[in-house]
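J.: Let's have the full structure, built from the sequences with the hints guiding it.
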Amino acid sequence: MTALPVPYRVVARWQETPDTRTLRVEPVRERLCPFVPGQFAMVHAFGRGEIPVSASAIPIGGGLGFTVRRVGAVSEGLYEAGPGDTVGLRGPYGTGWELEKAACDDLVVVAGGIGLAPLRPLVRDAVADPEPYGRLNVLVGARTPADLMAHRETGLWRTAYTGVTVDRPGAGWSGDIGFVTALLGRARFDPRATTAFVCGPEPMIRATALRLAALGVPGEHIRVSLERNMRCATGHCGHCQLGPLLLCRDGPVIGWDLAEQLMTVREL
Amino acid sequence: MTTKQAVRMAVALPAKHRSRLMNTAREARFPVGTRLFEEGRKADRFWVVRTGTVTLDMHVPGRRSAAIESLAAGELVGWSWLFPPYLWHFGAEATTPVRAYEFDALAIRLMCDSDPQLGAAVAQWVGQVLAHRLTQARMRLLDLYAPHGSGPPR
Ligand SMILES: Cc1cc2nc3c(=O)[nH]c(=O)nc-3n(C[C@H](O)[C@H](O)[C@H](O)COP(=O)(O)OP(=O)(O)OC[C@H]3O[C@@H](n4cnc5c(N)ncnc54)[C@H](O)[C@@H]3O)c2cc1C
Numbered sequence: 001m002t003a004l005p006v007p008y009r010v011v012a013r014w015q016e017t018p019d020t021r022t023l024r025v026e027p028v029r030e031r032l033c034p035f036v037p038g039q040f041a042m043v044h045a046f047g048r049g050e051i052p053v054s055a056s057a058i059p060i061g062g063g064l065g066f067t068v069r070r071v072g073a074v075s076e077g078l079y080e081a082g083p084g085d086t087v088g089l090r091g092p093y094g095t096g097w098e099l100e101k102a103a104c105d106d107l108v109v110v111a112g113g114i115g116l117a118p119l120r121p122l123v124r125d126a127v128a129d130p131e132p133y134g135r136l137n138v139l140v141g142a143r144t145p146a147d148l149m150a151h152r153e154t155g156l157w158r159t160a161y162t163g164v165t166v167d168r169p170g171a172g173w174s175g176d177i178g179f180v181t182a183l184l185g186r187a188r189f190d191p192r193a194t195t196a197f198v199c200g201p202e203p204m205i206r207a208t209a210l211r212l213a214a215l216g217v218p219g220e221h222i223r224v225s226l227e228r229n230m231r232c233a234t235g236h237c238g239h240c241q242l243g244p245l246l247l248c249r250d251g252p253v254i255g256w257d258l259a260e261q262l263m264t265v266r267e268l
Numbered sequence: 269m270t271t272k273q274a275v276r277m278a279v280a281l282p283a284k285h286r287s288r289l290m291n292t293a294r295e296a297r298f299p300v301g302t303r304l305f306e307e308g309r310k311a312d313r314f315w316v317v318r319t320g321t322v323t324l325d326m327h328v329p330g331r332r333s334a335a336i337e338s339l340a341a342g343e344l345v346g347w348s349w350l351f352p353p354y355l356w357h358f359g360a361e362a363t364t365p366v367r368a369y370e371f372d373a374l375a376i377r378l379m380c381d382s383d384p385q386l387g388a389a390v391a392q393w394v395g396q397v398l399a400h401r402l403t404q405a406r407m408r409l410l411d412l413y414a415p416h417g418s419g420p421p422r
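So the sequence lines, in the order shown, correspond to chains A and B. Taking the working numbering, I'd label the letters of the first sequence as residues 1 to 268. Taking the working numbering, I'd label the letters of the second sequence as residues 269 to 422.
Calculated directly from the structure, the hints in this document are not laboratory data. Treat the hints loosely; a few may be bogus.
As the list claims (entries may be wrong) - Now the stretches of chain A that chain B is said to cover, found in silico as 3 or more residues with beta-carbon under 8 Å:
| id | region |
| --- | --- |
| 1 | 140-148 |
| 2 | 166-172 |
| 3 | 181-191 |
| 4 | 202-210 |
The beta-carbon is built from N, C-alpha and C at its ideal position, and this holds for glycine as well.
T.: The structure is reproduced here in structure tokens:
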């Protein structure tokens, strides 16, 4: 059974990159159960349909943040929603990052482009409460400087290492240039006692996870978010099946020990 | 401790070869904006970065140089010194203040010629660096950050 969308009002929005915006929403009346970092909602743009979107902010005071890149009809509708507009939410769905299981480990967070969106609440938690963990590393890669989301906030996080790199720097960029995996050589972590959290386009996830594994991070400690398209989000329709997994229910966050064989075969 | 990466000199070169190389190293400092080398010029030195960032670039006539890649602590700057005709393929600039170990390419090549074991170890190290950078360059070529990876679904 699929729940009905709960109305939330857009209270603020801001531009992250040329095609991506973050919406801050508050419940109109009823509110959803609390989200944990890595979980997603089915976000309904009225008159257009609904799509899965990860929570990119989970403020303590309530409300939620969603960061949406416009790629088609529904995401376009959400991208255009402004303060005062209403969207519908179902959720929370999916497995979270499970930061708490990484206690005592060094943390390596690797984001490609707006893959930082679902990772941001996790980093905020780790920055706010660093005591249980080892060294926090945040590695962000994007095509160009304009494609970096939350660039200012990224620079403010207190970490052992924060690396931001772009492929095409253009004028005015004085930071690193290269693929995000190059930053792994500069991060500060002990591979055998590390949990990594990786999100971005699938090929970027795969390249990063393979590199982490080559450095000695155990597969089950490499947590990746597989954001395959999904429809019902409740494990019924089978739209998001990947091998034996239903990603809306068993994912989107899964260990590389499971993901590797699914992501490296040619056909499923 | 920084992650051990296979391409780092400290890991890729066995201790006895590394210490022979390090005995010949000079300490170098480069203020921001210093050009370490220019494309097409003689590759008579190379560096291992200690602190700071060096950016490789390519000169485009009439325009600003195109930055290609940045190299940070522990990374090798320059490999053209190992292969004839010993000319730089790119340019390099210190984009922050840089401290580095500087090596005399001719001296290292002579050491490698007279000690084939050392020669093989150095070639192995530089080969690993090149393989790693080639992989990175290919990944960037594929545009793995694009929303749908690098191509439409079949
Ligand atoms: C768990 C999960 C979390 C997500 N989190 C976010 C988020 O935080 N922010 C965000 O902007 N998007 C997120 N997405 C992706 C988002 O759901 C899709 O972009 C959206 O479904 C597109 O719908 P549309 O109607 O706008 O475009 P459509 O017309 O349905 O699709 C437009 C194009 O995008 C492709 N596409 C659609 N969805 C995906 C996908 N998941 N992966 C790759 N290609 C796709 C389609 O094949 C098509 O070519 C998430 C997806 C999942 C499964």
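J.: State for each hint whether it applies.
T.: Do the hints match the structure? See the list:
Evaluation of the coverage hint for the region 140-148 of chain A: fulfilled, as 4 residues show C-beta separations to chain B shorter than 8 Å, against a requirement of three. Counting residues of the region 166-172 of chain A whose C-beta sits closer than 8 Å to any C-beta of chain B gives 3, which meets the bar of three, so the coverage hint holds. A stretch counts as covered by a chain when three or more of its residues have a beta carbon under 8 Å from one of that chain; for the region 181-191 of chain A and chain B the count is 10, and the coverage holds. Only residues whose beta carbon comes within less than 8 Å of a beta carbon in chain B count, and the region 202-210 of chain A has 4; three or more means the coverage holds.
Hint compliance for this structure: every hint is met.
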